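Residue numbers are given in UniProt numbering: position 233 of the sequence shown equals residue 233, and the series is strictly consecutive.
Heads up, a few of these hints could be off.
[What the hints assert, rightly or not] Straight-line Cα separation of at most 25 Å, BS3-like style, residue types lysine-lysine; simulated pairs: (1) Lys-191 / Lys-112; (2) Lys-88 / Lys-191; (3) Lys-115 / Lys-88; (4) Lys-191 / Lys-233; (5) Lys-16 / Lys-115; (6) Lys-87 / Lys-191; (7) Lys-87 / Lys-112.
[Unchecked claim] Cβ pair distances, simulated, as ranges: (8) Gln-117 / Glu-70: 34 to 40 Å; (9) Tyr-38 / Arg-232: 28 to 34 Å; (10) Glu-170 / Tyr-38: 47 to 53 Å; (11) Glu-43 / Glu-170: 23 to 29 Å; (12) Leu-116 / Gly-19: 41 to 47 Å; (13) Val-230 / Gln-117: 28 to 34 Å; (14) Arg-232 / Lys-191: 16 to 22 Å; (15) Lys-115 / Asn-49: 16 to 22 Å; (16) Glu-170 / Gly-208: 25 to 31 Å.
Keep in mind the hints are simulated off the structure, nothing from the lab. All values reported here derive from a predicted model rather than from experimental measurement. From the three backbone atoms N, C-alpha and C, an ideal C-beta is built for every residue, glycine too.
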Amino acid sequence: MLATSLHNRIASFYIKQEGATYTILFSHGNAEDLGMIYEWFREISRQLNVNVMAYDYTGYGISVGIPSEEAIFSDIEAAFAYLVTVKKTPAHRIILYGRSLGTGPTCYLAAKQSKLQNPIGGVILQSPLLSIYRVAFQFRFSLPGDLFCNIDRVGDIESPVTIIHGTRDEVIPFWHGEELFVACQPAWRSKPLWVQDAGHNNIEMFLGAKGDSFFVHLREFVALCHDTNVIRKSDEKNQQLTASSTEVHLPQGVKST
1 MLATSLHNRI ASFYIKQEGA TYTILFSHGN AEDLGMIYEW FREISRQLNV
51 NVMAYDYTGY GISVGIPSEE AIFSDIEAAF AYLVTVKKTP AHRIILYGRS
101 LGTGPTCYLA AKQSKLQNPI GGVILQSPLL SIYRVAFQFR FSLPGDLFCN
151 IDRVGDIESP VTIIHGTRDE VIPFWHGEEL FVACQPAWRS KPLWVQDAGH
201 NNIEMFLGAK GDSFFVHLRE FVALCHDTNV IRKSDEKNQQ LTASSTEVHL
251 PQGVKST
């Protein structure tokens with residue numbers, strides 16, 4: 001059990017894949033818990049050659065406490081801290097993956113890490129919502145009391161973002177995914193996967209009937225995240241070299257003005 005900053009205790013699982021470089025941190029949907037997704041993520045781990053960590057929200061499954069937006073944000077921070085401090089996984093090797101409600105904490109943490117200038121490796125948003133209120137109403141602006149306002153956070157994310165959404169989603173309308181795609185920074189907006197005729201809970205089934213296109217998309221995205229990390233590292237090295245070459249070394253006893 002993980003302890004959160006709000007003193008709740010939440011359940012989690014960690015699937016280790018031998019030789020994996022990246023770790024997926026998964027945030028599940030409202031009608032899911034760890035027991036329902038474990039076997040599927042064993043397959044994800046094998047197919048993508050990644051470690052996987054998932055957690056239950058406060059008040060879900062055997063996790064204790066009262067669920068709330070604040071509690072769920074605290075939950076993902078606890079899971080992230082476990083990966084960084086216990087598993088020694090740096091932020092740039094963690095790929096956040098949120099489904100449905102889980103896109104809320106995913107966008108929150110990704111935006112937060114970007115603002116801290118310690119961005120995560122990538123973001124996968126499956127069947128994402130603009131915000132809770134906007135699922136039922138097409139508001140142009142976030143209203144007081146609205147929750148999981150992904151539309152207000154996704155533009156702050158400075159990591160590759162891919163969005164997966166069914167065109168006939170009966171729970172979270174497809175246009176939510178489209179608007180979030182447009183709201184991403186162009187430099188970080190990755191190829192989306194719009195699944196023709198799929199609903200909210202059957203995307204994997206639709207794609208499975210057409211081969212392994214679901215896994216192909218995710219493999220390509222993980223590869224993109226890796227390429228991005230290589231470029232980031234090269235840019236940081238070049239900046240350090242540039243800064244070093246422009247330093248002014250004054251003779252001893254001479255002060256700069």
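Evaluation of the provided hints:
Restraint check for Lys-191 and Lys-112: satisfied, since their Cα atoms lie roughly 23 Å apart, inside the 25 Å limit. Between Lys-88 and Lys-191, the direct Cα distance comes to roughly 30 Å. Violation of the 25 Å bound is thereby established for this hinted pair. The straight-line distance between the Cα atoms of Lys-115 and Lys-88 is roughly 21 Å, inside the 25 Å bound, and the hint therefore holds. Among the hinted pairs, Lys-191 with Lys-233 is consistent with the structure: their alpha-carbon atoms are about 23 Å apart, no more than 25 Å.
Distance restraint check for Lys-16 and Lys-115: the Cα-Cα separation of roughly 29 Å exceeds the 25 Å cut-off, and the hinted pair is therefore not satisfied. Taken as a hint, the Lys-87 and Lys-191 pair is broken in the structure, with Cα atoms around 30 Å apart against an allowance of 25 Å. Distance hint between Lys-87 and Lys-112 is fulfilled; the C-alpha atoms sit about 21 Å from each other, no more than 25 Å. At roughly 24 Å, the beta-carbon separation of Gln-117 and Glu-70 lies outside the given 34 to 40 Å, and the hint is violated.
Checking the proposed 28 to 34 Å range against Tyr-38 and Arg-232 shows it holds: the Cβ atoms sit about 33 Å from each other. In this structure, Glu-170 and Tyr-38 break the distance hint of 47 to 53 Å, their C-beta atoms being roughly 26 Å apart. Between Glu-43 and Glu-170 the C-beta distance comes to about 26 Å, which sits within the given range of 23 to 29 Å. Range check, Leu-116 to Gly-19: Cβ separation about 29 Å, and the 41 to 47 Å hint is violated.
The hinted range of 28 to 34 Å is not satisfied by Val-230 and Gln-117, whose Cβ atoms lie roughly 18 Å apart. For the pair Arg-232 and Lys-191, the supplied restraint of 16 to 22 Å holds, since their beta-carbon distance comes to about 20 Å. At about 30 Å, the beta-carbon gap between Lys-115 and Asn-49 misses the expected band of 16 to 22 Å. Remark: the range hint 25 to 31 Å for Glu-170 to Gly-208 is contradicted by a beta-carbon distance near 20 Å.
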